[in-house]
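Enquirer: Which chain is which? The protein sequence lines are A and X, in order.
So for the first sequence, my numbering puts the first residue at 1; every next one is plus one.
So for the second sequence, my numbering puts the first residue at 1; every next one is plus one.
Take these hints with a grain of salt, some might be off.
[Unchecked claim] Computed cross-link-like contacts, DSSO-like style, restricted to lysine-lysine with a CA-CA straight-line distance of at most 27 Å:
| no. | chain 1 | residue 1 | chain 2 | residue 2 |
| --- | --- | --- | --- | --- |
| 1 | X | LYS294 | A | LYS93 |
| 2 | A | LYS139 | A | LYS118 |
| 3 | X | LYS111 | A | LYS93 |
| 4 | A | LYS139 | X | LYS111 |
FYI, nobody ran anything at the bench for these hints, they're computed from the structure.
Everything numeric in this text was worked out from a predicted model, so none of it was measured.
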Amino acid sequence: MTLKINVNHLNLFYGNKQALFDVSLGFPEFQTTALIGPSGCGKSSFLRCLNRMNDIIPNAHVDGQVLLDDKDIYAPSVDVVELRTHVGMVFQKPNPFPRSIYENVAYGPRIHSLFKSKADLDQIVEKSLVRAGLWEEVKDRLYQPATRLSGGQQQRLCIARAIAVNPEVILMDEPCSALDPIATAKVEELIDELRERFTIVIVTHNLQQAARVSQQTAFFHSGYLVEAGETGALFTIPQDARTQGYITGRYG
Amino acid sequence: MRFLWVERCVRLFFLLCAFGSVAVTIGIVASLIGEALRFFSRVSPIDFLFGLTWAPYTLPTGEVSGFGAIPLFTGTALITLVAMAVAIPCGTMIAVYLSEYATSSVRQIFKPLLETLAGIPTLVYGFFAATTLAPILREIAGFFQISIASESALNAGLVMGIMILPYMSSLCEDALHRLPTSLREGSMGLGATSSETIVRVLLPAAFPNLMAAFLLSLSRAIGETMIVVMAAGLAANLTFNPLEAVTTVTVQIVNLLTGEQEFDNAKTLAAFGLGFVLFILTLFLNILALYGIKRYKRIYG
Chain A
1 MTLKINVNHL
11 NLFYGNKQAL
21 FDVSLGFPEF
31 QTTALIGPSG
41 CGKSSFLRCL
51 NRMNDIIPNA
61 HVDGQVLLDD
71 KDIYAPSVDV
81 VELRTHVGMV
91 FQKPNPFPRS
101 IYENVAYGPR
111 IHSLFKSKAD
121 LDQIVEKSLV
131 RAGLWEEVKD
141 RLYQPATRLS
151 GGQQQRLCIA
161 RAIAVNPEVI
171 LMDEPCSALD
181 PIATAKVEEL
191 IDELRERFTI
201 VIVTHNLQQA
211 ARVSQQTAFF
221 HSGYLVEAGE
231 TGALFTIPQD
241 ARTQGYITGR
251 YG
Chain X
1 MRFLWVERCV
11 RLFFLLCAFG
21 SVAVTIGIVA
31 SLIGEALRFF
41 SRVSPIDFLF
51 GLTWAPYTLP
61 TGEVSGFGAI
71 PLFTGTALIT
81 LVAMAVAIPC
91 GTMIAVYLSE
101 YATSSVRQIF
111 KPLLETLAGI
121 PTLVYGFFAA
131 TTLAPILREI
141 AGFFQISIAS
151 ESALNAGLVM
161 GIMILPYMSS
171 LCEDALHRLP
181 TSLREGSMGL
191 GATSSETIVR
201 VLLPAAFPNL
211 MAAFLLSLSR
221 AIGETMIVVM
231 AAGLAANLTF
241 NPLEAVTTVT
251 VQIVNLLTGE
261 QEFDNAKTLA
271 AFGLGFVLFI
281 LTLFLNILAL
291 YGIKRYKRIY
301 G
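Chain A with its partners taken away, still in its complex shape:
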């Protein structure tokens, strides 16, 4: 089993405040890893270290290593823009751009010039929407505003948008927290299908969701990685008392 991403001794600081303490974790290729833990435990911050989204926040700084295919993404020679084409991201709240459905998906391919002709681009858009399970629902209204879609459709559109640049890893930051149960089920199903082609990391507050979609689960608590392992094992025989307390609902 190859590791797509390997994190070694990662520390994250926001100004003087340390948010993550010496985190080491490997992400197996073509598997879904769930990051769980109580609010403010650092799981989202950790996710944002994996595509350097924390760079946008002033005063944030990182030490340690994050290896993507054995290359350190924090090395000075790394082009952040290029990195983010390899490591895509889907956010908590669906955030389609206020443009048409087509333009939302075409956005990434356009800025990275990933196509040769209009027909080429049409094909990328269609393929991405098909993979995101949205094509059938929107194929007759590709040029309508994306903001008219329902929340669940918007989130799948954001996934299509992320897929369109052909990433290897997709990071999802609580992708279902703003969705109703039916839309959530659709996105979960989608995550399972996407695993064939992509390595997925998902932050979730929903323990059942973590159990359903992931193969590996990592439990965070106040900035520390407490425990990580095969999902079934972590949920049935947790090694740490804090993990046990969290998954049995003693706090959260």
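Put chain X on the given structure of chain A with help from the hints.
Expert: Frame of chain A, contents of chain X only:
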């Protein structure tokens, strides 16, 4: 029971305040319309709105001549156009810098500075136009062997552009800054650079609010008087050359009323006619701005 009584009084008091301000506004508009109607009973609206010569004069016989307002409107349009040509690009770029690139400490210095600029009386801008900018423009024009009027539309327009710049960039900055962070992150997360995010996502997303900022600034520029009085002059030339002297609606209103005591002849009443048209114009622009935002929000909100 005592409280109920107090509540009722307080409510009545505030109702009166609200009603008062509305009543005053209606009164102003009514008096404007009344005087404008008196004017249009003496000068035909068609001659007024489409006439090409502005030299208002009432003959002793009671006949009127020279009430063609077109040169005033073209003058206003010309100066406003120059002003917007300065303010729209500069205002947008200042807003983009302040909202997207400036660190918070820089913003904390720049924003109050801009707002101070917005508080300077327009008369001071007028001085600046007449005493500083006019000679500079003359020098530049002389260098290129072009003739330029000492009181030119270019001069007035440039200074007017500078005058509305703080107002406009402040409005535009609000429009950009209000956009949700999730839009920026969504774009950055796809590997877009800051500039790509600004051009392809943020500016289009803020477009209706930017448009509203432009239109509000435009109404301000159209209604501006002092700068034009000092920098653009009184000659009602029908021209589209910004190097020549032009005059504007507001300047002529001042000019028509200066020194007059009685509002009973066509010449003084013409001021109300002009004011009325100006009022309709800016009202229309403001409504357009509000309507545009609403419509866009219905589609994309």
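Enquirer: Next step is simple, just say for each hint if it's right about the structure.
Expert: Quick rundown of the hints versus the structure:
no., hint, in the structure
1, X/LYS294 <-> A/LYS93, "holds (24 Å)"
2, A/LYS139 <-> A/LYS118, "holds (17 Å)"
3, X/LYS111 <-> A/LYS93, "violated (31 Å)"
4, A/LYS139 <-> X/LYS111, "violated (46 Å)"
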